[in-house]
Amino acid sequence: MKSIIVDDEASARMIVAEFCKGVPNLEVLHEFPNALEALKYIRDHHVDLIFLDIHMPKLTGIDFIETLQNPPKIVLTTSDKNFAIEAYQYPFIVDYLVKPISRQRFEKCMTKLEMAFAASEEIPIVSKQENPEEDLYINIDRRLIKLKFSDILLIEAKGDYIEILTLQKRFRVHSTLKKIKDKLPTSRFLQIHRSYIINFTQIIDIQDNSVLIEKSVIPISRSNRPELMQRLNLL
Amino acid sequence: MERPNLDYIKEISGGNEEFEKRFLTIIQNEFPKEKTEYITQMDGDNLEESATIVHKIKHKLGILGLHEGYRLAIKYEEDLKYGDTKLKDEFNEILTSVEEIISNIA
Chain A
67 MKSIIVDDEA SARMIVAEFC KGVPNLEVLH EFPNALEALK YIRDHHVDLI FLDIHMPKLT
127 GIDFIETLQN PPKIVLTTSD KNFAIEAYQY PFIVDYLVKP ISRQRFEKCM TKLEMAFAAS
187 EEIPIVSKQE NPEEDLYINI DRRLIKLKFS DILLIEAKGD YIEILTLQKR FRVHSTLKKI
247 KDKLPTSRFL QIHRSYIINF TQIIDIQDNS VLIEKSVIPI SRSNRPELMQ RLNLL
Chain B
30 MERPNLDYIK EISGGNEEFE KRFLTIIQNE FPKEKTEYIT QMDGDNLEES ATIVHKIKHK
90 LGILGLHEGY RLAIKYEEDL KYGDTKLKDE FNEILTSVEE IISNIA
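One line per chain: the protein sequences are A and B, in this order.
So the number in the numbering used here is just where the residue sits in the first sequence, counting from 1, plus 66.
So the number in the numbering used here is just where the residue sits in the second sequence, counting from 1, plus 29.
Treat the hints as calculated values from the structure; they're not laboratory data.
Worth double-checking, as some hints may not be accurate.
Selected chain A positions facing chain B (Cβ under 8 angstroms, derived; list incomplete) [as the list claims (entries may be wrong)]:
id, residue
1, 77
2, 80
3, 81
4, 83
5, 84
6, 90
7, 121
8, 145
9, 146
10, 165
11, 166
12, 168
13, 169
14, 173
No residue lacks a Cβ here, since even glycine has one placed at the ideal position from N, Cα and C.
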């Protein structure tokens with residue numbers, strides 16, 4: 067079983083690597099301090115298993131998962147218990163280890179992995195279903211208005227409000243960028259700046275540090291640029 | 030105030046002293062950087078970024094057996110996301126204590 071470890075903390079990578087040493091047939095091919103390097107690696111190398119941290123700069127573990135076309139088995143390693151429910155939506159996530167990981171818990175994870183690999187040999191792999199929700203309801207003057215994800219062009223933070231620009235009109239909603247981000251499918255939306263989330267299927271062009279969407283020029287922050295570039299189908 | 034201990038590190042190492050030394054060197058290297066980054070972000074009033082660093086430091090507190098500190102860091106991380114800094118002084122005391130201990134580990 068060929069694995070990689072992705073975690074921005076060297077101490078965390080070292081713990082997982084040390085635990086792996088005691089497991090027969092488990093080989094750690096490489097360790098990565100960020101998800102972007104790991105993405106490049108798995109394009110060219112076969113990997114059966116990824117030990118993946120969730121909280122990493124630039125590209126989080128969850129964003130990383132969303133970019134994978136044929137994901138291998140994944141074990142999430144995190145100090146945050148809050149992602150457990152979200153994590154198990156993905157059929158290829160086998161376990162969720164909360165740091166600091168005990169040896170006993172790691173051994174239990176290895177048993178789960180063995181069972182998961184055995185099961186995947188018997189059962190055809192079912193690909194992850196697309197998010198069945200294709201719209202979002204926003205509250206405007208006590209009316210719930212339905213917005214189709216495909217119609218949303220971008221969302222801008224404006225103090226205690228956000229402005230949602232759609233193909234048809236602009237809506238002002240009392241909410242935060244963080245709240246709406248959690249409701250949007252990552253397959254379509256991306257935060258490219260502290261104040262902007264864009265529907266990147268609506269990009270017209272990208273020039274220097276900005277994107278053009280319809281008639282709006284949106285800045286790209288330096289920290290978000292690598293993730294945006296990663297998502298683009300570049301020739 | 031609770032004191033850091035090496036119980037967890039010894040559990041991971043399974044008695045491998047070479048590993049323990051290498052691991053402690055990494056902690057000695059990582060922790061001061063994270064502490065400096067945390068202070069910089071707090072000084073800049075960047076509470077969301079501060080919460081991200083607290084998240085990393087929290088793991089170190091767990092590694093060093095600081096169970097109360099770990100619990101406080103969980104609360105503090107969440108508070109920071111909502112702009113609440115009331116646990117700042119308590120958290121800073123923990124950071125100072127950890128820094129003293131790890132700098133004295135051979």
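Status of the hints after comparison with the structure:
1. Below 8 angstroms, beta-carbon pairs count as interface contacts, and residue 77 (chain A) has one with chain B at about 5 angstroms; its hint therefore holds.
2. Restraint check, residue 80 (chain A) versus chain B: the minimum CB separation of about 6 angstroms is within 8 angstroms; hint holds.
3. Of the supplied interface hints, the one on residue 81 (chain A) holds, with its beta-carbon coming within about 6 angstroms of a beta-carbon of chain B, less than 8 angstroms.
4. Hint on residue 83 (chain A) is violated. Least Cβ distance to chain B is approximately 10 angstroms, over the 8 angstroms limit.
5. Here the hint on residue 84 (chain A) is kept, as its CB sits about 6 angstroms from the closest CB of chain B, short of 8 angstroms.
6. Restraint check, residue 90 (chain A) versus chain B: the minimum CB separation of about 16 angstroms is more than 8 angstroms; hint violated.
7. Taking 8 angstroms as the C-beta contact cut-off toward chain B, the hint placing residue 121 (chain A) at the interface holds, the least distance being around 6 angstroms.
8. For the restraint placing residue 145 (chain A) at the interface with chain B, the shortest Cβ-Cβ distance is roughly 5 angstroms, inside the 8 angstroms limit, so the hint holds.
9. Because the closest C-beta pair between residue 146 (chain A) and chain B is about 7 angstroms apart, less than 8 angstroms, the hint holds.
10. The beta carbon of residue 165 (chain A) is positioned within 8 angstroms of a beta carbon in chain B (closest approach about 5 angstroms), and the interface hint is therefore held.
11. Because the smallest distance between the Cβ of residue 166 (chain A) and any Cβ of chain B comes to about 4 angstroms, under 8 angstroms, the interface hint for this residue holds.
12. Interface restraint check: residue 168 (chain A) against chain B, minimum CB-CB distance 7 angstroms, threshold 8 angstroms, status holds.
13. With a least beta-carbon distance of about 6 angstroms to chain B, the hint placing residue 169 (chain A) at the interface is held under the 8 angstroms criterion.
14. Given hint, residue 173 (chain A) at the interface with chain B, is violated; its Cβ is 12 angstroms from that chain's nearest Cβ, farther than 8 angstroms.
The structure shown violates the earlier hints numbered 4, 6, 14.
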